[in-house]
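Could you build all of it, start to finish, from the sequences and the hints given here?
Protein chains: 2
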Amino acid sequence: MPLHLAHSRQLFERARQVIPGGIYGHATPALVVPGASPCYAHQAEGARYWDVDGNEFIDLMCAYGPVVLGYRHPGVEAAAQRQAALGDCLNHPAAVMVELAERLVSLVDFAAWAVFGKNGSDMTTWCIQVAREHTRRKKILCVEGAYHGVDAWCTPGHGGLIEEDRAHVHRFRWNDEASFDAAVTRYADEVAAVVVTPYHHPLFAPSEMPAPGYLAHIQARCARHGIVFILDDIRAGFRLHMGGSHRYFGFEPDMSCFSKAMANGYPIAAAVGKPHLRRASERVFLTGSYWNSAVPMAAALETLATLEREGAIAGMERTGRALAAGLREQAGRHGLEVEVSGPPACPFLTFRDERNLYRNQHFAAECVRRGVFLHPHHNWFISAALTASDVERILDIAGAAFECVARVPRSGSAGPAPGVMGTLSQE
Amino acid sequence: MPLHLAHSRQLFERARQVIPGGIYGHATPALVVPGASPCYAHQAEGARYWDVDGNEFIDLMCAYGPVVLGYRHPGVEAAAQRQAALGDCLNHPAAVMVELAERLVSLVDFAAWAVFGKNGSDMTTWCIQVAREHTRRKKILCVEGAYHGVDAWCTPGHGGLIEEDRAHVHRFRWNDEASFDAAVTRYADEVAAVVVTPYHHPLFAPSEMPAPGYLAHIQARCARHGIVFILDDIRAGFRLHMGGSHRYFGFEPDMSCFSKAMANGYPIAAAVGKPHLRRASERVFLTGSYWNSAVPMAAALETLATLEREGAIAGMERTGRALAAGLREQAGRHGLEVEVSGPPACPFLTFRDERNLYRNQHFAAECVRRGVFLHPHHNWFISAALTASDVERILDIAGAAFECVARVPRSGSAGPAPGVMGTLSQE
Numbered sequence: 001m002p003l004h005l006a007h008s009r010q011l012f013e014r015a016r017q018v019i020p021g022g023i024y025g026h027a028t029p030a031l032v033v034p035g036a037s038p039c040y041a042h043q044a045e046g047a048r049y050w051d052v053d054g055n056e057f058i059d060l061m062c063a064y065g066p067v068v069l070g071y072r073h074p075g076v077e078a079a080a081q082r083q084a085a086l087g088d089c090l091n092h093p094a095a096v097m098v099e100l101a102e103r104l105v106s107l108v109d110f111a112a113w114a115v116f117g118k119n120g121s122d123m124t125t126w127c128i129q130v131a132r133e134h135t136r137r138k139k140i141l142c143v144e145g146a147y148h149g150v151d152a153w154c155t156p157g158h159g160g161l162i163e164e165d166r167a168h169v170h171r172f173r174w175n176d177e178a179s180f181d182a183a184v185t186r187y188a189d190e191v192a193a194v195v196v197t198p199y200h201h202p203l204f205a206p207s208e209m210p211a212p213g214y215l216a217h218i219q220a221r222c223a224r225h226g227i228v229f230i231l232d233d234i235r236a237g238f239r240l241h242m243g244g245s246h247r248y249f250g251f252e253p254d255m256s257c258f259s260k261a262m263a264n265g266y267p268i269a270a271a272v273g274k275p276h277l278r279r280a281s282e283r284v285f286l287t288g289s290y291w292n293s294a295v296p297m298a299a300a301l302e303t304l305a306t307l308e309r310e311g312a313i314a315g316m317e318r319t320g321r322a323l324a325a326g327l328r329e330q331a332g333r334h335g336l337e338v339e340v341s342g343p344p345a346c347p348f349l350t351f352r353d354e355r356n357l358y359r360n361q362h363f364a365a366e367c368v369r370r371g372v373f374l375h376p377h378h379n380w381f382i383s384a385a386l387t388a389s390d391v392e393r394i395l396d397i398a399g400a401a402f403e404c405v406a407r408v409p410r411s412g413s414a415g416p417a418p419g420v421m422g423t424l425s426q427e
Numbered sequence: 001m002p003l004h005l006a007h008s009r010q011l012f013e014r015a016r017q018v019i020p021g022g023i024y025g026h027a028t029p030a031l032v033v034p035g036a037s038p039c040y041a042h043q044a045e046g047a048r049y050w051d052v053d054g055n056e057f058i059d060l061m062c063a064y065g066p067v068v069l070g071y072r073h074p075g076v077e078a079a080a081q082r083q084a085a086l087g088d089c090l091n092h093p094a095a096v097m098v099e100l101a102e103r104l105v106s107l108v109d110f111a112a113w114a115v116f117g118k119n120g121s122d123m124t125t126w127c128i129q130v131a132r133e134h135t136r137r138k139k140i141l142c143v144e145g146a147y148h149g150v151d152a153w154c155t156p157g158h159g160g161l162i163e164e165d166r167a168h169v170h171r172f173r174w175n176d177e178a179s180f181d182a183a184v185t186r187y188a189d190e191v192a193a194v195v196v197t198p199y200h201h202p203l204f205a206p207s208e209m210p211a212p213g214y215l216a217h218i219q220a221r222c223a224r225h226g227i228v229f230i231l232d233d234i235r236a237g238f239r240l241h242m243g244g245s246h247r248y249f250g251f252e253p254d255m256s257c258f259s260k261a262m263a264n265g266y267p268i269a270a271a272v273g274k275p276h277l278r279r280a281s282e283r284v285f286l287t288g289s290y291w292n293s294a295v296p297m298a299a300a301l302e303t304l305a306t307l308e309r310e311g312a313i314a315g316m317e318r319t320g321r322a323l324a325a326g327l328r329e330q331a332g333r334h335g336l337e338v339e340v341s342g343p344p345a346c347p348f349l350t351f352r353d354e355r356n357l358y359r360n361q362h363f364a365a366e367c368v369r370r371g372v373f374l375h376p377h378h379n380w381f382i383s384a385a386l387t388a389s390d391v392e393r394i395l396d397i398a399g400a401a402f403e404c405v406a407r408v409p410r411s412g413s414a415g416p417a418p419g420v421m422g423t424l425s426q427e
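Read top to bottom, the protein sequences are chains G and A.
Using my numbering, read the first sequence as starting at 1 and increasing by one per residue.
Using my numbering, read the second sequence as starting at 1 and increasing by one per residue.
Calculated directly from the structure, the hints in this document are not laboratory data.
Hints may contain errors.
What the hints assert, rightly or not - Some, not all, of what chain A presents toward chain G, calculated at C-beta under 10 angstroms:
hint, residue
1, A80
2, A146
3, E282
Claimed, not checked - Pairwise CB distance ranges, derived in the manner of DEER restraints:
hint, chain 1, residue 1, chain 2, residue 2, range
4, A, R393, G, H4, 55 to 61 angstroms
5, A, E308, G, G35, 36 to 42 angstroms
6, G, H276, A, A325, 50 to 56 angstroms
7, A, R16, G, G311, 30 to 36 angstroms
8, A, E308, G, E56, 34 to 40 angstroms
9, A, P275, G, E56, 37 to 43 angstroms
Bear in mind that the values here come from a model prediction, so they are computed numbers and not experimental data.
Don't be surprised by glycine CBs; every beta carbon is placed ideally from N, CA and C.
Here it is as structure tokens:
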């Protein structure tokens, strides 16, 4: 039985009249399996959501990361409402801004200070400016295929860019020390900053954990050459470790950017840094109409407190391990070999020896149809609301989906799935 | 009696330990009168707010613009809560995204489509990229001293920039057709876009309304040369006219950016554009973790409906006119000549024949001390919650403040007030 998507389709047709592409950005239907996914959500609670056609899904995407305790977590909602009853967007910050900065500085071992914005990009971009101000150098090094936001220096899109936007942004290969060393050698005293994610999570490909010593090597070279080492921890931060993902992987950057798991869906981003960057950070102007808003800060304080109090991060790791083991087992039963890559709390499934993702799309469509929402081209996210019985149900559905995939002969094509991979650059 | 600010000071001292500058951006105490303004807000309702020391203020800043119906407007709060009870940040947009895009396209006469972000900068920056994509040209022309956000091409800050950031951004003088024409002539076929605000509202100076025919002249030249004409309506949009501020001033841009008054403090920004820019708009990638969030969209729909239903824009214009007339009269009683500049709903007061703003600072400090929060260096904002009796009370307090200002001999200095004007560039 195919998924009932009539209302999603109607809304999308209306949207296409008045919104370029109907839905743009990470939620665009062009990035999932066209016609096999809802386009509009109606309601969400815990680890479940319902689309506008009334279909119910166990959720493995968590709004692409922000939802870490489950949708509409009672404690976070109550904290947000308490603050909202006083005020949100005001002439001045509220006291919660100071409390939240103190909290981040106490959670993140190297951090002496914190600032807040709305988008992840607000923070990655501001951090490279702080690095340029601190070093008086121009060059930024980052990893091929890494996502750091939509600002001109880093967007994966192609439109509207001019060559000056990236004249001083250079890419090296993940987990390739020689590639990194060559970039540093080539640009030597011109490099202001290196920006990395704590593990590599490109679209359309398995996630790659850092090789032993790789990030420590980058850290050491940055220290030697006076390069600012920036961790883009927006996707993984506070999902892998309460102290930031550098603690999970065992290294230490000079600045870190957070956003997604910070406030369980309330809009906020943060950057933290070492003491020696404080003066430069004071000289790079940052502001936004809603950057001092108090409700997301209250939500962040409660989210962080709940994560800690409930041992939620260890729980998500356990849940993710059980899910990954179960997926491998279910696939094996149907003669399929899958790779579940990335940290357990941010898993991604691919079929071995297949680069075109046709089977990923097939598998995702079969899961979505049966009530599990997961993504064929983007890593998934585990929330603390996902229970052991949810995982059992997911595995039952995955088994049925693997059975469907196993019945279809392998495609001979080595190329990407048509109409999907052209959307965004993988540099 | 000086204002009691002990708790604000304590919090600020704590903040300085963990936040660069303690408070950064537009709310930094460095931009108001140091020591004469609260730093932290506790609670707000209608046209009033209370700081963390319990001081009560009639508010003339509206959180620097977003609050247009008054703080915690019951209708907007109820609409936001209804949506929040379903969900906010989800895997897909909610139906309200389509409704809001349809609403903007129906409100703004030239608009065929709309997109949404969080920050004003998200939209101004995306619009110049759309213009570059559409024209395949690089140059951006904007007005000296105009504020379009904090992205590298436009930030008023100095730190962290490199020359490439603005290699193709050129400035012309407000209300000076010859200056604009010279820029267009000079860069001719290289100009992708002209970006203007509907009136000129620089920091540290009176606001300047457009001279008759000035914006129509820009519009005509843009049309003749295939330049995209972008209106940055973030500060004034939906406070001067339900159809966008170009209707208030009688001209027509190709794209407009909105944010502040759209959702009464809920974080959202929007851009709308003409049909011929739709294809380019589809090619410039835009996204953000919270850009599809449903609560601010529901709040925007309710804010726009309330503005329209209650005739709030005409009301704010009347309130602003009464305030401006009363301020001039009160100043005159004390032998002071003041200019109240800008549209009535976004007034700004300066003392004639004084460029250093010492008397502005003195006046603001005396008003704040007596319970009216207004700004010495930034335009003010009227909300629909400000009543005639609020205006009477403001004028009483302004009278007392003018009396204090009149008692102090004029400063002979022609320079800016120390420690304030160096903070931001006025290009």
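Hint-by-hint comparison with the structure:
| no. | hint | result |
| --- | --- | --- |
| 1 | A80 | holds, 8 angstroms |
| 2 | A146 | violated, 15 angstroms |
| 3 | E282 | holds, 4 angstroms |
| 4 | A/R393 <-> G/H4: 55 to 61 angstroms | holds, 59 angstroms |
| 5 | A/E308 <-> G/G35: 36 to 42 angstroms | holds, 38 angstroms |
| 6 | G/H276 <-> A/A325: 50 to 56 angstroms | holds, 54 angstroms |
| 7 | A/R16 <-> G/G311: 30 to 36 angstroms | holds, 34 angstroms |
| 8 | A/E308 <-> G/E56: 34 to 40 angstroms | holds, 37 angstroms |
| 9 | A/P275 <-> G/E56: 37 to 43 angstroms | holds, 39 angstroms |
Hint 2 alone, counting from the list given before, is not met by this structure.
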